[in-house]
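Chains as they are written, first to last, in the numbering used here: chain E, 5 to 384; chain D, 10 to 151.
Mixed in with the good hints there might be a few duds.
With beta-carbon atoms standing in for the labels, derived distance ranges [unchecked claim]: (1) Q49/E with P116/D: 20 to 28 Å; (2) G46/E with D138/D: 34 to 42 Å; (3) S42/D with G116/E: 39 to 47 Å; (4) G372/E with D138/D: 25 to 33 Å; (5) D130/D with G272/E: 50 to 58 Å; (6) E89/D with E267/E: 44 to 52 Å; (7) P243/E with G133/D: 32 to 40 Å; (8) A263/E with P19/D: 47 to 55 Å; (9) G87/D with D246/E: 29 to 37 Å.
Covered by chain E, according to a simulated footprint, are these stretches of chain D (three or more residues, beta-carbon under 8 Å) [what the hints assert, rightly or not]: (10) 100-112; (11) 135-148.
Simulated from the structure, these hints should not be mistaken for laboratory data. Keep in mind it's a predicted model, so treat the numbers as computed, not measured. C-beta: ideal position from N, C-alpha, C; glycine also.
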Amino acid sequence: MGDVYIQGVDMIRFGRFPDRSLTSLGAEAALLALDDAGLNMGDMQAAWCGNLGQAGGMVGQRVLQEIGQTGIPVVNVANACATGATAFREAWMGVKAGLYDVVLAVGVEQMGRGLLGGAGGSKGISKEGLLGSGIMPCVFAEAGVEHTRSYGTTFEQFAQVSVKNHHHSTMNSKAMYQKETPLEDVMGAEMISYPNTKLMCSVNVDGAAAAVLVSEKKARELGSGRAVKVRASALTSDPYSDRDLVMPDINTCTRNAAAVAYEMAGVGPDDLDLVELHDCFATAEILHYENLGLCKDGDAGRLIDEGETALGGRIPVNVSGGLLSKGHPLGATGIANIYEVSTHLRGEAGARQVEGARLGLTHVIGLGSACAIHVLEKPA
Amino acid sequence: MSEKVESSGPLPAVPYIKLPEGADPYLEGQKCSSCGAVYLGQRMACGKCFSREKFEAVKLSDRGTLHVFSIVHRSFPGVEVPFVSAIVDLEGGGTVKGNLVGVEPEPGSVELGMPVDVFFDDAGRKDGDGNSYVSYFFRPAA
Ligand SMILES: [Zn+2]
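Required output: the full structure, derived from the provided sequences and hints.
What follows is the structure, encoded as structure tokens:
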């Protein structure tokens with residue numbers, strides 16, 4: 005069976021666009037990706053659209069109403085924070101299965117401001133602040149504290165993740181923020197849920213990203229020299245674990261997805277040149293160093309201390325600025341990190357370019373849970 | 010759970026809190042009779058071993074150890090902060106999440122792995138119909 009390639013991929017600059025419609029954001033990203041591919045809507049044989057906030061709203065079809073209604077199959081995808089990556093993966097499956105040669109995947113989200121999380125049901129009384137907290141900064145704080153419990157990881161080490169990712173975003177004009185945040189600013193920012201301060205929480209922004217996926221045959225025919233090969237696509241949900249009901253297990257589904265992806269790609273973590281992983285909170289990035297095999301269990305604190313995951317280090321992580329600084333528009337995030345890695349593999353990342361990048365990995369995880377990983381390879 | 014029932018006392022904040030007449034409140038788990046996994050609430054089949062054997066209602070321990078915590082400084086409007094959100098492994102099985110009280114809400118005051126007791130008290134909140142609720146809380150073991 006032939007490989008699948010990313011012929012075109014792009015994202016809009018993430019930000020807050022209260023005066024724009026959700027569909028116009030998705031449409032803009034789709035047009036950018038089509039332009040990058042040198043194709044138009046008339047070439048697309050199917051489309052997938054990831055969006056969470058209006059999951060019942062036929063967003064994909066509405067995007068096509070803005071850019072070209074050709075009657076192709078459109079599937080709308082919702083899968084928590086893995087929504088965009090799942091839309092991409094479903095598009096990949098359509099080509100991989102041999103059904104299509106050229107397809108479109110779009111991810112788009114308009115976010116409110118404020119906290120995400122469990123407000124509890126409508127019956128009875130709210131459980132927030134009564135039975136602990138279900139807000140996301142707390143859920144991921146507790147996951148981080150578990151790492152502290154196992155390995156002694158410190159508040160400062162978690163905070164260094166934010167220092168690094170904010171620094172990276174100063175080189176990315178498509179990030180929400182381009183602002184250095186020294187360690188004392190990160191640690192001294194408003195505490196949201198210990199050990200996550202405000203600067204250690206991802207930014208709620210509006211955003212959209214899109215990709216055009218093609219078959220090997222089509223990539224050869226187009227001969228652009230910029231087609232990024234999809235070496236692996238993996239998707240998992242959370243298997244049973246003892247505390248899963250009250251403490252979402254973000255580790256096991258990531259480890260399982262990584263194992264599948266590395267096997268499919270025929271590579272290991274040492275072969276990677278860069279990683280865009282799901283730093284929804286600074287605490288989470290530390291856990292995923294180990295979950296993705298970038299270091300041994302217990303070594304994640306050392307990795308951040310020694311700058312191994314910074315640009316110029318052994319394995320740069322989130323050189324885009326990550327969700328912490330680039331922003332986290334849920335449905336768009338998964339395709340935006342595919343855009344980031346592809347841009348490095350094409351050697352087009354400018355000041356933040358990871359030199360000689362040949363192989364990269366993208367990772368997202370949504371609570372509930374869904375984890376998606378893609379391994380991408382430099383154009384031949 | 011939405012109408013005020015005159016003759017009854019306070020209601021449980023969550024269904025797995027049991028308030029027996031004339032006896033102490035307790036937490037109730039549903040135990041898979043095949044593999045022993047404990048759930049807070051009924052299942053069609055066991056998530057761990059897929060067994061469809063009948064689940065057994067079991068009284069969960071009121072003692073446990075603190076697995077992890079976070080100190081929540083910002084929550085939804087109206088929620089009193091800071092508070093300690095805690096995940097506790099109960100003796101004999103079952104994990105529950107709740108507020109840890111009786112400690113300062115500061116990182117240095119909360120010890121990972123510390124033994125805690127479960128106790129029950131008024132939830133301090135009423136529903137729209139004026140019903141009172143009983144909830145559970147954790148405190149450092151006596
Ligand atoms: Zn079982």
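Hint check:
1. Q49/E with P116/D: 20 to 28 Å: Violated: the Cβ-Cβ distance is about 55 Å, outside 20 to 28 Å.
2. G46/E with D138/D: 34 to 42 Å: Hint violated: Cβ distance 59 Å, outside 34 to 42 Å.
3. S42/D with G116/E: 39 to 47 Å: Cβ of S42/D to Cβ of G116/E: about 45 Å, so the range 39 to 47 Å holds.
4. G372/E with D138/D: 25 to 33 Å: With Cβ atoms ~31 Å apart, the hint holds.
5. D130/D with G272/E: 50 to 58 Å: Since D130/D and G272/E have Cβ atoms about 53 Å apart, the given range 50 to 58 Å holds.
6. E89/D with E267/E: 44 to 52 Å: With Cβ atoms ~49 Å apart, the hint holds.
7. P243/E with G133/D: 32 to 40 Å: Between P243/E and G133/D, where Cβ atoms are some 37 Å apart, the hint holds.
8. A263/E with P19/D: 47 to 55 Å: holds, 49 Å
9. G87/D with D246/E: 29 to 37 Å: holds, 33 Å
10. 100-112: holds (count 5)
11. 135-148: Check passed, 5 qualifying residues.
In this structure, the earlier hints numbered 1 and 2 are contradicted, and the remaining ones agree with it.
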